[in-house]
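Undergrad: For reference, the chains in residue letters:
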Amino acid sequence: MAASGEPIIEMRNIVKRFGNVEALSGVSMTVRRGEVLGLLGDNGAGKSTLVKTLAGVHDPDEGEIIVKGKPRKPWTPLAARDAGIETVFQDRALAPQHSIVTNIFMGREMTNWLGLTQVQKQVDEANRLMREIGFTSKVFNPESTVGHLSGGERQGVAIARALYNKADVIVLDEPTTALSLTETQKVFRFVEAVRASGRTVVFIGHNIYHVWEIADRFFVIDRGREAFEGEKSQFGGADHLIELMHQLAETGQADVGSLTEPAA
Amino acid sequence: MSDATPAATKPSEANASAVDKRQEQSAWFRFYRRNGRALNAFITLMLVWGVFAVNNPVLFLNPIFYGAFLFSVPATVFLTTALVFVIVSGELDLAFPSVVGASGGIFMYMVMSGAPVVGSFFVTLGFGALIGLGIGLIVVYGKISSLVATLGLNFFILGLVNLLAQGRTITAPEAVDTFGYQLFVGKWELFETGLQVPMHFVWCLIWTLFCWVLFKYHRFGVRVQLVGDNSDSARQMGINVERIRVGVFVFSGIAAAITGAVLVQMANMVWFPTSGKAYLLIALAALFVGGTPTWGGVGTIFGAFFGALTVTLIPSGAVGAGFAGYWTDFLFGLVIILTMIAHRFSGARVR
Numbered sequence: 172m173a174a175s176g177e178p179i180i181e182m183r184n185i186v187k188r189f190g191n192v193e194a195l196s197g198v199s200m201t202v203r204r205g206e207v208l209g210l211l212g213d214n215g216a217g218k219s220t221l222v223k224t225l226a227g228v229h230d231p232d233e234g235e236i237i238v239k240g241k242p243r244k245p246w247t248p249l250a251a252r253d254a255g256i257e258t259v260f261q262d263r264a265l266a267p268q269h270s271i272v273t274n275i276f277m278g279r280e281m282t283n284w285l286g287l288t289q290v291q292k293q294v295d296e297a298n299r300l301m302r303e304i305g306f307t308s309k310v311f312n313p314e315s316t317v318g319h320l321s322g323g324e325r326q327g328v329a330i331a332r333a334l335y336n337k338a339d340v341i342v343l344d345e346p347t348t349a350l351s352l353t354e355t356q357k358v359f360r361f362v363e364a365v366r367a368s369g370r371t372v373v374f375i376g377h378n379i380y381h382v383w384e385i386a387d388r389f390f391v392i393d394r395g396r397e398a399f400e401g402e403k404s405q406f407g408g409a410d411h412l413i414e415l416m417h418q419l420a421e422t423g424q425a426d427v428g429s430l431t432e433p434a435a
Numbered sequence: 234m235s236d237a238t239p240a241a242t243k244p245s246e247a248n249a250s251a252v253d254k255r256q257e258q259s260a261w262f263r264f265y266r267r268n269g270r271a272l273n274a275f276i277t278l279m280l281v282w283g284v285f286a287v288n289n290p291v292l293f294l295n296p297i298f299y300g301a302f303l304f305s306v307p308a309t310v311f312l313t314t315a316l317v318f319v320i321v322s323g324e325l326d327l328a329f330p331s332v333v334g335a336s337g338g339i340f341m342y343m344v345m346s347g348a349p350v351v352g353s354f355f356v357t358l359g360f361g362a363l364i365g366l367g368i369g370l371i372v373v374y375g376k377i378s379s380l381v382a383t384l385g386l387n388f389f390i391l392g393l394v395n396l397l398a399q400g401r402t403i404t405a406p407e408a409v410d411t412f413g414y415q416l417f418v419g420k421w422e423l424f425e426t427g428l429q430v431p432m433h434f435v436w437c438l439i440w441t442l443f444c445w446v447l448f449k450y451h452r453f454g455v456r457v458q459l460v461g462d463n464s465d466s467a468r469q470m471g472i473n474v475e476r477i478r479v480g481v482f483v484f485s486g487i488a489a490a491i492t493g494a495v496l497v498q499m500a501n502m503v504w505f506p507t508s509g510k511a512y513l514l515i516a517l518a519a520l521f522v523g524g525t526p527t528w529g530g531v532g533t534i535f536g537a538f539f540g541a542l543t544v545t546l547i548p549s550g551a552v553g554a555g556f557a558g559y560w561t562d563f564l565f566g567l568v569i570i571l572t573m574i575a576h577r578f579s580g581a582r583v584r
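Protein sequence lines correspond, in order, to chains A and B.
Residue numbering for the first sequence follows the working numbering, starting at 172 and increasing by one per position.
Residue numbering for the second sequence follows the working numbering, starting at 234 and increasing by one per position.
Read the hints as simulated data drawn from the structure, not as lab findings.
Hints are not guaranteed to be accurate.
Claimed, not checked - Cross-link-like lysine to any residue pairs, in silico, SDA-like; alpha carbons within 20 Å at most:
1. B:449 to A:281
2. A:223 to B:473
3. A:403 to A:422
4. A:403 to A:379
5. A:244 to A:291
6. A:223 to A:281
7. A:337 to B:471
8. B:449 to A:255
9. A:292 to B:453
10. B:449 to A:295
11. B:449 to A:267
12. B:449 to A:291
13. A:244 to B:473
14. A:223 to B:420
15. A:244 to B:471
16. A:337 to A:364
17. A:223 to A:255
18. A:403 to A:426
19. B:420 to B:304
20. B:449 to A:294
21. B:449 to A:364
22. B:449 to A:290
Just chain A, with the same shape it has in the complex (with noise of 0.2 Å):
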């Protein structure tokens, strides 16, 4: 595996419109490799626009995405996926009339060279996963089907998914919204073994305890544009995240100091 720190995503100057409105009026984003990179900011700020760059379902109007060294062009969902980068996104993409093992297999079906489906490879791997990250229990198995199942639960067809392609990075956004504390401590437990594994995420958020508990770096945007970003250690705790997140609430300015300051 190559060294952990260099970057494998390299957003330059992203620029997204919809009609007249700039939703990402060029970020600059990097995510190292091995790192958990908190993304964070107001509602409106952008996040969700950016995420869904980053997964390739909003292709950037300029600026280049950058992944292992390699521009790509275009930016598709496909594309995203092929390149080693799986989202968790925030509605979880699930079909809820569909099986838990049809939902992990959306997109990258199993099949033979007449494109049929290989039910039972599907069934088994869609069993592995499951046990892999803990997903496991007496009341449904792979064909169980999606709408059946709670909140915590899909939250976990979508993460097992995400993990099916060996993905390097992972991006989960607002993975704990709506989840109970027990399914919220899951959650973490899965980024920190998504990390021991070596592989990249990316955590979304609104709660910035839940983002500082677990992110090693923060990337804060506002208003389409990047604010601060910095390590954990530059900080003086979650407190002064979130008083440096008020200042850039109500003044458009956060007093960063030492932390590094956005390029211009």
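With the hints as your guide, set chain B onto chain A.
TA: Chain B only, in chain A's frame:
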């Protein structure tokens, strides 16, 4: 996230019985859960048949009755099974009757000009696929509601065919009883029972099996279901949603072309511009009686097959059972409504 069904009760330490409830799924229960809609369609067919047969057992033991039934069933089967893909993908196709008419015309034009029947058939398939592609591109990339777009296109294509045909019919009596004709619509007796099985019924069985494999096991069918269930999710997972949507219209076009080519052969190589027009509501009724819900994402090919059998049986069966002809529409409507209520019990939409 609401858990609508009892089977989805959240397990919790305090309420262990909830867990037990979810475990209580016998093999039979699971089978019904998965195939309830197709089973309901089959039960409907059996009930309709049973009610008619009790009224006139002599006729309903006569193989000639079934010969006629098997003769008229395939056209609806070809159309309905393909429509499952369209409806499951979340779209609607009302243009297939015009494609049936147009394809039948192309097919007969070639046969009349002396082209071999089998060759003409395959060219017709290509033609149907092409029209389907056109319809799909207009609906998907024109971003028009498929209901409105295909409604308009149905009139448009039908009108175009009428303009070209100028009211003429095409006949090719010399092509009757050729090898191709025998291959597509010839009849053979089943084990000396007196039951005349038309070849196009055999083809519609093969077609149904093909559709079932395509729908349930092929990547295309699986993706059609995923796109219909949640197109945003499908897109986020890298499925080319537009291509799948165009694909279902191409598939529907192919099925319409098969139907068109078979219908003219059933009429002993006679084509008239409006052939196919009658199948619009019949095929859609068969689809819904067959248990494919209107909301997309899930559907059943075998259900559609049983649905096609049911809607074909009602008119002839009703008359055979002694109902006067004007009962037909009433019975038709009754069966559709009662089946819809039955399907409600086999599963509401899961979100």
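Undergrad: So, for every hint listed, does it hold in this structure?
TA: Here is what the structure says about each hint:
Taking the CA atoms of residue 449 of chain B and residue 281 of chain A, the gap is about 14 Å. The hint holds against a cut of 20 Å. Taken as a hint, the residue 223 of chain A and residue 473 of chain B pair is honoured in the structure, with Cα atoms around 16 Å apart against an allowance of 20 Å. Taken as a hint, the residue 403 of chain A and residue 422 of chain A pair is broken in the structure, with Cα atoms around 23 Å apart against an allowance of 20 Å. Distance check on the hinted pair: residue 403 of chain A and residue 379 of chain A sit about 13 Å apart at the alpha-carbon level, within 20 Å; holds.
Our distance criterion of 20 Å between C-alpha atoms is broken by residue 244 of chain A and residue 291 of chain A, whose separation comes to about 36 Å. With a C-alpha separation of about 25 Å, the suggested pairing of residue 223 of chain A with residue 281 of chain A is violated against the 20 Å cut-off. As the CA atoms of residue 337 of chain A and residue 471 of chain B are separated by approximately 16 Å, the hinted pair is consistent with the 20 Å bound. About 29 Å separates the Cα atoms of residue 449 of chain B and residue 255 of chain A, which puts this hinted pair outside 20 Å; it is violated.
The straight-line distance between the Cα atoms of residue 292 of chain A and residue 453 of chain B is roughly 18 Å, inside the 20 Å bound, and the hint therefore holds. Using a Cα cut-off of 20 Å, the hinted pair residue 449 of chain B and residue 295 of chain A holds, with the two alpha carbons roughly 18 Å apart. Among the hinted pairs, residue 449 of chain B with residue 267 of chain A is consistent with the structure: their alpha-carbon atoms are about 17 Å apart, no more than 20 Å. Restraint check for residue 449 of chain B and residue 291 of chain A: the C-alpha separation of about 14 Å stays at or below 20 Å, so the hint holds.
A distance of roughly 17 Å separates the Cα atoms of residue 244 of chain A and residue 473 of chain B; the hinted pair therefore holds under the 20 Å criterion. As the CA atoms of residue 223 of chain A and residue 420 of chain B are separated by approximately 59 Å, the hinted pair breaks the 20 Å bound. The straight-line distance between the Cα atoms of residue 244 of chain A and residue 471 of chain B is roughly 15 Å, inside the 20 Å bound, and the hint therefore holds. Restraint check for residue 337 of chain A and residue 364 of chain A: satisfied, since their Cα atoms lie roughly 13 Å apart, inside the 20 Å limit.
Straight-line distance between C-alpha atoms of residue 223 of chain A and residue 255 of chain A comes to about 15 Å, which keeps the hinted pair within the 20 Å bound. With a C-alpha separation of about 16 Å, the suggested pair residue 403 of chain A and residue 426 of chain A falls inside the 20 Å cut-off, and the hint holds. Proposed proximity of residue 420 of chain B and residue 304 of chain B is supported: the alpha carbons are some 9 Å apart, at most 20 Å. For a cut-off of 20 Å, the pair hint linking residue 449 of chain B to residue 294 of chain A stands: about 15 Å separates their Cα positions.
Between residue 449 of chain B and residue 364 of chain A, the direct Cα distance comes to roughly 35 Å. Violation of the 20 Å bound is thereby established for this hinted pair. For the proposed pair residue 449 of chain B and residue 290 of chain A, the alpha carbon gap of about 10 Å is at most 20 Å, so the pair holds.
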